Amino acid sequence: MERLQKVIAQSGITSRRKAEELIREGKVKVNGNVVTELGTKVGTKDKIEVNEIQIQREQPVYFLMYKPSGVITAVSDDKGRKVVADYFRDIIEQRVFPVGRLDYDTTGAIIMTNDGEFANVLMHPRYQLDKVYIAKVKGIPPREKIKQLERGIRLEDGMTAPAKVKVTSIDKKKGTAIVELIIHEGKNRQVKRMLEAIGTPVMKLKRERYGFLDLKGLNPGEFRELTPHEIKQLRNLAVTQTSKKSRR
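In terms of full-length UniProt numbering, the sequence shown opens at residue 1 and continues consecutively.
Source of the hints: derived by calculation from the structure; they are not laboratory data. Every value quoted in this text rests on a predicted model; they were computed, and no experiment measured them. Here a beta-carbon is modelled for each residue, glycine too, at the ideal position from N, C-alpha and C. Please note: incorrect hints may appear among the correct ones.
Taking CB as the label site, the calculated pair distances span [what the hints assert, rightly or not]:
no. : residue 1 : residue 2 : range
1   : D130      : T44       : 13 to 21 Å
2   : R189      : T36       : 37 to 45 Å
3   : S76       : K147      : 40 to 48 Å
4   : D46       : G199      : 18 to 26 Å
5   : D78       : G199      : 31 to 39 Å
6   : T36       : R143      : 26 to 34 Å
7   : D78       : E222      : 21 to 29 Å
8   : R89       : G158      : 55 to 63 Å
9   : G175      : G217      : 29 to 37 Å
With a cut-off of at most 35 Å between alpha-carbon atoms, the simulated DSBU-like pairs for lysine-lysine come out as follows [unchecked claim]:
no. : residue 1 : residue 2
10  : K79       : K216
11  : K131      : K145
12  : K27       : K47
13  : K232      : K187
14  : K206      : K216
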């Protein structure tokens, strides 16, 4: 037995918070009866309808994907461009969606799932999972500029949180550098904008790690299923990071 709002979110039609609103508004039925009480539990054989439409209950699935460059982080695209969901359509029955996003030309680790509640846990601003990026930049960032990123830098939509930054290599002939950044936020194009702000625009960007998950054994366009232990670890890590933040 699971909570009704969780089952609705796992179906992929909406978030858990929106599911709770729909329940309170009397727009959810279980076995033909309107249910308005949050926390109502349902079993696998119960028929659930949202706005008079029966939801399709899918077994939750969780994948780590190595997103290639030139692919949209979405389930569809009105311009007909390739999207991350395309890689799963002929392989699994479930309809999966990306947790968060990576830019069109950014490669690297992204989680795909059909579990709306799990996605919300990972994407919510109060959960602070580290994301490790490797950037090839034009120019060689001086130490004082790196310190700005480490303290937090002002962008047009506000200050960034402190980041961990390390210049891992420099090519003086070409005037380029490789920079590793560890952040936990998810502002739009954040890493690119941070590096542009210190005068070293990004030439190539890869998300090397998501939390503790890395891309070992995967090539661009490939994916693997997360283990039950990894799924539990991600949930626990998010909760742990939240607890640390609340104690500060």
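Check: So which hints don't hold here, by number, going up?
Finding: 1, 4, 6 and 8
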